[in-house]
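Visitor: What follows is the residue order along each chain.
Protein chains: 2
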Amino acid sequence: MTKLRETIGRIGPLDEGAMAAAKARQDSLTKPPGSLGRLEELSIKIAGITGKPLPGVERKSIVVMAGDHGIVEEGVSAYPQEVTPQMVYNFLRGVAAINVLARHVGARVVVVDMGVAADLEPHPDLRSRKVAPGTANFAKEPAMSREQAVKALEAGIEVFEAELAKGLDIVATGDMGIGNTTASTAIAAVFTGEPVGLLTGRGTGIGDEQLAHKAKVVEEAIARRQPDPRDALDVLAKVGGFEIGGLAGVILGAAAHRVPVVIDGFISGAAALVATGLCPAAREYLIPAHNSVEIGHQSVLRHLGLRPLLNLDLRLGEGTGAALAISLVEASLKILGQMATFAEAGVSGALEAEPTLPK
Amino acid sequence: MTKLRETIGRIGPLDEGAMAAAKARQDSLTKPPGSLGRLEELSIKIAGITGKPLPGVERKSIVVMAGDHGIVEEGVSAYPQEVTPQMVYNFLRGVAAINVLARHVGARVVVVDMGVAADLEPHPDLRSRKVAPGTANFAKEPAMSREQAVKALEAGIEVFEAELAKGLDIVATGDMGIGNTTASTAIAAVFTGEPVGLLTGRGTGIGDEQLAHKAKVVEEAIARRQPDPRDALDVLAKVGGFEIGGLAGVILGAAAHRVPVVIDGFISGAAALVATGLCPAAREYLIPAHNSVEIGHQSVLRHLGLRPLLNLDLRLGEGTGAALAISLVEASLKILGQMATFAEAGVSGALEAEPTLPK
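Same order as they appear, the protein sequences are chains A and B.
Numbers 1 to 359, taken from this note's numbering, label the letters of the first sequence in order.
Numbers 360 to 718, taken from this note's numbering, label the letters of the second sequence in order.
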């Protein structure tokens, strides 16, 4: 608990001075002020996060956390649980979607076993932080104990700090875990207060009957477990997942160390709800990557007050949307750092006043 | 006219066989089918454009065409006309927004003087295809002759073919020209049939009074010139611009040679209206990059039946949105080409049938 408390204690507001300096520079560059829209906003936000007026993102890491979910016993997924370890090996072989997109944007991928329900072979790129081999079935009992929830969060903070020690300018969150949209739906329902039916999506691709069943499972589980939205640790413990807790830890670690953290889709969004539930100030450090097809994600982003950068109808997870968003963040900072100013380029600025208009 | 006619004659439909092969491969990759949404669609479209089941985009070119507009006499812009040549030099020095973003995505930039109202110093990266030093003021007379319109289009085709000869897998369009949102507004109004008031935007950043004036200028000019939407050459000649004609030529050249062409914002959209007015089949070769803040752009994309990839509140032009979209196209093709299939990875597919749901 000390690690978690200390980390939260370090999270402060954005650096207003760095943001003002970045804004002033954006306005001096050879383009009409504001004409690069959200790229300008992004660069200013990263300045505020890092405290640097001219930040860069050379060193990028995508943390993909895997965990299994006891709730799959209820028949909520289109894929069998064995897919979780199979996909972990796929990540480690470098041939999954996240590997392809990470290479595309020049990011490294770190895969973390937070609670896969199988013994995984050791691998140099695999961090083993297994809290337990899968959560308990939260339809019948809490997904994990409060102690396990803290352990998952602190593991996430430590994974982040290990990445930071290797050199890190930006981090992104990704997930793998059959059943994890069900846990995320429960978390989203508790924090946003919106009806479960409006938050439940098709995950890996379930049909209509199974979708209705999934919503019912979540609804009944929340009624039985009674997670308290004012106590984020309680929510994580009762209806969460080990990888969700781990990703919330990554977010808290990033915010504490003033590193921008790109959040992927619905599962990362659920992790962000847990992280900001524990520490509202962490919200300012989040870069929302994309708008997932998984319908609950929109509610999560609305609740967090975040507008996603991409809208590509993605619903894979793994950090795939976050990888693409890293490239936009990098582009925004290159604009800030590499473009000429009007003065340097000898380009005329806007007309002093509007011209006298011909009648 | 021969060049233009021949080019249009070469434009055919997408390759259905290549698209079917790409779709089959997407469905065999280690992810739930469809879960990478628009990235999957994009890769399939590029297969259809190129006729290759596994296309790649190594060689990328962004063609930035510059031209001046006689209509600026009417007081429609926030910046003086001298900014057009100043920005051309800025592009050639490699310090404008488009240079930064082109480097970010690994694309080369070719700058073309299609009709700048100034004598430009020669430069190895500058193509001089000046039709005339700026269009005529289309409030008072046609912007150009029909012969000049053909000349602009054929120059665009030749610029494209010169890029193709250097090696090219994807091309993007960009623009520079003080006054060119006014010409584009007129083109958009003629082709879409929507009211000028709903299509007129702030361009480089004009105020409310000037905005109303700009709409009035366009409305009156269309009433006087009477461009015929069934004759795209007539529209280009009466209310267009040399860079707009040149970009329409680039689009036609790309479609004729089965190279995907990423269109940037409002000016590139106007060029796409001219190109598809001349040859409707060219539409299939367009990749719409982003949704510009310039309000007429949404109507243009709707009219073309295209959904943009990015929504970043950009309104700079130069090809900046297109540059970012190139990176998404490349990502989509890397997914198609580099991900493992379920069979290769030994990952289980979806459950054969929905599980028997517990009562």
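There could be a bad hint or two in this list.
As the list claims (entries may be wrong) - Just the calculated beta-carbon pair ranges, DEER-fashion: (1) B:482 to A:58: 25 to 33 Å; (2) A:34 to B:661: 46 to 54 Å; (3) A:125 to B:492: 41 to 49 Å; (4) B:376 to A:125: 32 to 40 Å; (5) A:280 to B:553: 32 to 40 Å; (6) A:27 to B:639: 36 to 44 Å; (7) B:661 to A:167: 43 to 51 Å; (8) A:51 to B:639: 17 to 25 Å.
To be clear, the hints were calculated from the coordinates, so they are not data collected in a lab.
For glycine and all other residues, C-beta sits at the position ideal for the given N, C-alpha and C.
Visitor: Each of the hints needs a verdict: does it hold here or not?
Guide: Comparing the hints with the structure gives:
In this structure the supplied range 25 to 33 Å holds for residue 482 of chain B paired with residue 58 of chain A, their Cβ-Cβ distance being about 31 Å. In this structure, residue 34 of chain A and residue 661 of chain B break the distance hint of 46 to 54 Å, their C-beta atoms being roughly 25 Å apart. At roughly 60 Å, the beta-carbon separation of residue 125 of chain A and residue 492 of chain B lies outside the given 41 to 49 Å, and the hint is violated. Between residue 376 of chain B and residue 125 of chain A the beta carbons are some 39 Å apart, a value that agrees with the proposed interval 32 to 40 Å.
At about 45 Å, the CB distance of residue 280 of chain A to residue 553 of chain B disagrees with the hint of 32 to 40 Å. In this structure the supplied range 36 to 44 Å holds for residue 27 of chain A paired with residue 639 of chain B, their Cβ-Cβ distance being about 43 Å. Checking the proposed 43 to 51 Å range against residue 661 of chain B and residue 167 of chain A shows it holds: the Cβ atoms sit about 46 Å from each other. Checking the proposed 17 to 25 Å range against residue 51 of chain A and residue 639 of chain B shows it is violated: the Cβ atoms sit about 54 Å from each other.
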